[in-house]
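Protein chains in written order, with our numbering: chain B, 1 to 140; chain E, 141 to 240; chain H, 241 to 375.
Source of the hints: derived by calculation from the structure; they are not laboratory data. Beta carbons: idealized from backbone N, C-alpha and C, even for Gly. One should not assume that every hint holds.
Below, in silico cross-link-like pairs of lysine-lysine (DSSO-like), each with a Cα-Cα straight-line distance of 30 Å or less [to be verified]:
{"hint": "1", "chain 1": "E", "residue 1": "K174", "chain 2": "E", "residue 2": "K213"}
{"hint": "2", "chain 1": "E", "residue 1": "K213", "chain 2": "E", "residue 2": "K227"}
{"hint": "3", "chain 1": "H", "residue 1": "K289", "chain 2": "B", "residue 2": "K126"}
{"hint": "4", "chain 1": "H", "residue 1": "K283", "chain 2": "B", "residue 2": "K5"}
{"hint": "5", "chain 1": "B", "residue 1": "K5", "chain 2": "B", "residue 2": "K126"}
{"hint": "6", "chain 1": "B", "residue 1": "K5", "chain 2": "H", "residue 2": "K367"}
{"hint": "7", "chain 1": "B", "residue 1": "K134", "chain 2": "B", "residue 2": "K38"}
{"hint": "8", "chain 1": "H", "residue 1": "K244", "chain 2": "B", "residue 2": "K126"}
{"hint": "9", "chain 1": "B", "residue 1": "K126", "chain 2": "H", "residue 2": "K367"}
{"hint": "10", "chain 1": "H", "residue 1": "K367", "chain 2": "B", "residue 2": "K134"}
{"hint": "11", "chain 1": "B", "residue 1": "K134", "chain 2": "E", "residue 2": "K213"}
{"hint": "12", "chain 1": "E", "residue 1": "K201", "chain 2": "E", "residue 2": "K174"}
Partial pick of chain H residues on the chain B-facing surface, computed with a CB cut under 8 Å [what the hints assert, rightly or not]:
{"hint": "13", "residue": "Q262"}
{"hint": "14", "residue": "H265"}
{"hint": "15", "residue": "L267"}
{"hint": "16", "residue": "D339"}
{"hint": "17", "residue": "R340"}
{"hint": "18", "residue": "K367"}
{"hint": "19", "residue": "E368"}
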Amino acid sequence: MGFLKTLDISASGLFVQRKIMDVIASNLANMETTRTEKGGPYRRKMVVLRTDPSDDFSHLLDLQMQSVRLEGIVEDKSPLRQVYDPAHPDADKEGHLLKPNVDLVVEMTNMLIARRVFEANVVAMKTTRQMTLKALEVGR
Amino acid sequence: METGDMKIHQLHEALNQSVTGKAGGDNGSASFEKMMREALDKVNGMERGANRSIAALLEGKADVHEAMIAIQKADISMRLLLTVRNKVIEAYKEIMHMQF
Amino acid sequence: MPDKLSFESTFNALERATTITQHRHSLITDNISESDTPYYRPKELDFKKALAEAMEPAAKAPMAQTDPKHLSPEPGPIQGMDVFEEESEWNGFNWVNIDREMTKLTENDLMYRTATEALLRKITLLKEVIREGGR
Chain B
1 MGFLKTLDIS ASGLFVQRKI MDVIASNLAN METTRTEKGG PYRRKMVVLR TDPSDDFSHL
61 LDLQMQSVRL EGIVEDKSPL RQVYDPAHPD ADKEGHLLKP NVDLVVEMTN MLIARRVFEA
121 NVVAMKTTRQ MTLKALEVGR
Chain E
141 METGDMKIHQ LHEALNQSVT GKAGGDNGSA SFEKMMREAL DKVNGMERGA NRSIAALLEG
201 KADVHEAMIA IQKADISMRL LLTVRNKVIE AYKEIMHMQF
Chain H
241 MPDKLSFEST FNALERATTI TQHRHSLITD NISESDTPYY RPKELDFKKA LAEAMEPAAK
301 APMAQTDPKH LSPEPGPIQG MDVFEEESEW NGFNWVNIDR EMTKLTENDL MYRTATEALL
361 RKITLLKEVI REGGR
């Protein structure tokens with residue numbers, strides 16, 4: 001299994017973590033959004049990841065080395081926050097308002113994790129590169 | 141490289157023997173020639189093996205260390221063969237210079 | 241070149257590989273430097289295909305542009321290498337994925353170094369054989 005494949009696997013990790021950051025950024029930016037195209041407040045978005053054994057070589061191995069792929073971006077189905085704010089234009093007759101189910105702490109934590117995972121993938125790539133360069137020194 | 145090792149080793153032994161005058165007459169030289177030929181084939185096979193692993197590397201199917209090791213094996217067996225060849229020629233020259 | 245495992249065949253393949261990787265390197269660095277250019281589409285060349293084509297010494301007719309996305313053939317030593325615009329994702333202002341380009345840079349660089357190292361070994365051995373043969 002060549003070094004190219006190993007690098008591609010790390011690269012898929014980088015790509016996915018970037019996408020996760022996009023989603024987190026979207027959640028944070030829209031924490032207080034009460035109006036969307038579909039009507040109703042913004043609902044928190046999440047990513048679903050899957051393994052991606054999309055290759056030619058995978059049938060040669062019992063133990064597959066797999067890339068990661070984004071299966072999709074879905075909405076968090078947990079209930080929206082309800083607040084009492086009769087002055088708000090989108091409040092109902094009783095003055096209740098539904099706000100996005102985005103928790104700042106959760107998003108911040110996920111952001112740290114995304115960054116760490118991204119960095120880890122970068123380190124993995126660097127290591128693969130160093131190993132390959134060392135292999136070139138065999139018998140020099 | 142196991143059988144290759146063995147053959148080249150045997151070759152070296154046969155060579156030493158013939159230089160020190162312990163080898164038998166014609167029989168000795170016939171088997172020597174045969175050994176030389178086999179060693180040559182083996183080295184050639186190593187070379188092709190190395191080329192094969194390089195082709196696999198360029199296609200992305202093999203990894204760098206595999207190719208490097210194959211190249212090394214071909215390299216070493218080739219150099220060993222060269223050394224043996226040089227010894228043969230040395231031995232020949234020595235024999236030719238012998239004055240009876 | 242009927243024998244694919246001959247010295248000559250492998251030697252040529254390695255030589256060609258270094259040329260291709262060099263060219264690909266400049267494409268990738270272009271992509272990276274244009275990563276903030278609006279509407280820029282990253283350029284790529286197919287390494288395996290370029291290598292395979294180099295190994296077939298079949299006579300080539302002047303290249304027709306069969307696909308409107310193909311750029312016109314470059315003149316000079318890299319003639320015959322198919323540079324095309326890569327399928328990729330819109331990221332808001334262009335189609336360049338910086339992570340993907342950085343990865344390709346590493347991969348390409350490693351391939352270049354490997355090919356040159358293998359080439360070097362072959363040349364060194366050849367020189368030694370020639371030198372020893374003179375004795």
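Each hint tested on the structure:
1. K174/E - K213/E: 22 Å, holds
2. K213/E - K227/E: Holds - the C-alpha atoms of K227/E and K213/E are around 21 Å apart, at most 30 Å.
3. K289/H - K126/B: 27 Å, holds
4. K283/H - K5/B: Holds, because 21 Å separates the two Cα atoms, which is no more than 30 Å.
5. K5/B - K126/B: Holds, at roughly 14 Å.
6. K5/B - K367/H: 35 Å, violated
7. K134/B - K38/B: 56 Å, violated
8. K244/H - K126/B: 34 Å, violated
9. K126/B - K367/H: Distance of about 35 Å is beyond 30 Å: violated.
10. K367/H - K134/B: At roughly 25 Å apart (the allowed maximum being 30 Å), K134/B and K367/H satisfy the hint.
11. K134/B - K213/E: 18 Å, holds
12. K201/E - K174/E: 37 Å, violated
13. Q262: Hint violated; Q262/H Cβ to chain B Cβ min 18 Å, cut 8 Å.
14. H265: Violated. Min distance 15 Å.
15. L267: 17 Å, violated
16. D339: 4 Å, holds
17. R340: 7 Å, holds
18. K367: For K367/H, the interface hint is violated, since the closest Cβ of chain B sits about 16 Å away, which is over 8 Å.
19. E368: For E368/H, the interface hint is violated, since the closest Cβ of chain B sits about 14 Å away, which is over 8 Å.
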